[in-house]
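Participant: Sequence:
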Amino acid sequence: MRILFCIWIMQDIVKNPVEQCEVPSYENDTVTVEVWSTHPGQAESRASYVNDEKPTGHTKATSYRIGSITENIKDLPCAGRDLLWTLKKGPRRMNTRGQIVVFVQLSTEKGPEHIFHIHMQMEILKLSYEKQLPSLTSNRKWKNWLEILPNPAVTLLQQHALQNGLSATEQCVCSWIVASSLKINQEDRISFYFLYTLLEGLIADIYRDPIEPYLEEALSSGALKFSEFNKNVLGNLHSYFKVHIVEEADELFYLLKAMCGVEMQTCSNYLDSYVVIAGESHVWYLSIFAQYQDDLKEDDCSIEKICDTLNKIIKIFLKNQIILDDIFTRAWSVSYSKITFTELDGVINDTVKPIIQHLMIVMRDPERKRVVKESLQLLQLYHNVRNLVQYVLTDLPSERSVLSMDEYSSWFGEDLILEWFLLCDLYTKPFIKRAVYADNMERVNRSVLHGTSVPDVVSIIDEMVIDVWTKLSWEEQFYTHAALLEAVRTCALDYIRAIYNKVQAENFYGAKKELGINEKVCVVMSNAYAIFEHLFTTKNKIKRRLRIAESKYGFTIMDPMASIGNQMQMEVAAIYLIVLREEILCLFSLIMALWVGICKDRQIQKVFERYIKKAVRGTLDIFMSSSTVIAEACAYIEKVLEVLYLNLKTEAFYIVLRHLWIIALATLKRGLSHWRSCWRKKTAYIAALQTLTQLQEIFYCDGHGLSQQEIRNSIFEGLKKKIEIKLKIQDRSFLQKTFLCV
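Just so it is clear: in the sequence shown, position 569 is 569 by UniProt numbering, and no numbers are missing.
Hints may be right or wrong, so weigh each one.
With a straight-line Cα cutoff of 30 Å, these simulated DSSO-like cross-link-like pairs (lysine-lysine) come out [as the list claims (entries may be wrong)]: (1) K305 with K315; (2) K471 with K541; (3) K183 with K143; (4) K433 with K305.
Hints in this document: simulated from the structure, not taken from any laboratory. Keep in mind it's a predicted model, so treat the numbers as computed, not measured.
Given only the sequences and the hints, what does the whole structure look like? Please build it.
Facilitator: Next comes the structure, spelled out in structure tokens:
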């Protein structure tokens, strides 16, 4: 017998941890392990021994025995395992206490019959599987042998391997050869994950512990057969794997990963499988068309039916490309589309293109009545074709041959594209409404302040408006760019109106115990500002297209967005005013409550009471002093500004800040009209002056808020002048001291 030792003392590996010893008599021999302390520079290798004898030879004075352990070999476990042994003290009776971890494995020496034991290992594994087969009724995929074999069979295999000296690498080779042969022989319950993990472990073991030439030859032969099997599977990829199911998609992934390992064993190139994959894709594309052939031929003059059928086919193609691209990219670092784009281009050129051209002939029939609905259905087909083509061509190199798919827009004709462009406001509205409906007005994430509808609307503007316009001839682009700007403006304003209607319909303001800006309202404002920002990106796209005129046609192009830029800014600003109106009117009605206590006229008191109930939901005492109301109103304004600052981009916040200042001034100005019947007019105007002073300080915010020029606008100056006249202040310096010099 042969004993292998791996010794760790106090978690530190000894210099030469593995000791091999011959065991003449298994029944009578013992093994002794001694732990010595010695200076590292004086360390020497010591001879291994079995019987309980002291080591011979000269021992340096600086070396001493810490302790030892002696065990009968017959008491050792046959399986390789870690044992924890307690040391007996050495002769110096040191205070050292400790244990050693010893890995012990018993096995026979490899002889001429070792190859026979390897064959026996594979035969036992196969027979164990066949014996267990009647009880394996489940159809789920197996991921290891423990899910197939019972515990007694696993123990028998381990016993045979240990007693006959089969290394871990040799056992792994046997396991993989048997598992792969079963898979090749139509045992579909053995998963590709099972084979891949076996192969991955085998490659790592062979790197550390090379195998014998005869076993390496057997492994190469099995790997070659497995490689051919994999190619056959890939030749029926879509029938073998339902890739829309997650488990099936994972199986394909591990098949592709296993082919990388097989390449290392067979010196073959898995790139040869590209031809097989491309051929299978061509057959599958045609099979999808065959499924819908009857629908396409049923009424070849019905634009609605043919468009619906083609849309289904194109969407199936696109979904297939997306799923398989993800799998192939993770496994091989190359997309499925890059492997199959030639076949897809050929199928589209031979099938989709003729059908679209036929539809164009039907549409242009002079005896046929032109229907806007049919034009929009063709536009939907155009967008689906464009999505598929752009997705497939994204990963392709720029230096490639021209494909039929590159000219997909010409299949529809420029006259129809121009018609789509002029009708874009009709077909963009439903998409915008759906995008807003699906948006919960919550942040996309911590760093993105707008909601989910913004990317959708941006894509609508880019794809349904800009992209269609770029497919026109240059002359039509030049003479229709004004209509393009109007279309972009329409999309943006439709979106703003849609989010405002959603805010009102779902009552994002809500009934609050205390006034506060709802975070969803901040998201609404962020959405509006994000679309406003995108208009500048759109402007640059249009300018790049129109610059062709300067060099090719001699036209002078003005700023394409100049005609609507200011108007769009006003419209986006309007959404801020609209969205804020509910909150801000409640907010600044607190300011109007300043004069409730001093206005004795019952008619005015009722008006103020309605404002107060709306502002504080009935929690504010209408007869509190004006100074208290001023303090509460200004404190709430500061709170609102803080919430807005934390939930809006810096640029959007300053836009809101300017609007809030205008609303504050306008509210105060309107409040002056109610003071005509107040018998304490001077006191009311003094309160208004105090309010204006505190608001001025809040909005200036020590130079971090609005600038002095923005604060002292025409409304502010007019309000100041009105208060000055009412108070009949002759000394202007007194008024200047009253207002904070900011």
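Participant: Does K471 pair with K541 here, judged by a C-alpha cut-off of 30 Å?
Facilitator: holds, 14 Å
Participant: Going straight from one Cα to the other, do K433 and K305 come out at no more than 30 Å?
Facilitator: The given pair, whose Cα atoms are some 25 Å apart, holds under the 30 Å limit.
Participant: Do the alpha carbons of K305 and K315 lie within 30 Å of each other, as the hint requires?
Facilitator: holds, 15 Å
Participant: Measure nothing beyond the straight line between the CA atoms of K183 and K143; if it is 30 Å or shorter, mark the hint as holding.
Facilitator: holds, 13 Å
Of the hints listed earlier, there is not a single one the structure fails to meet.
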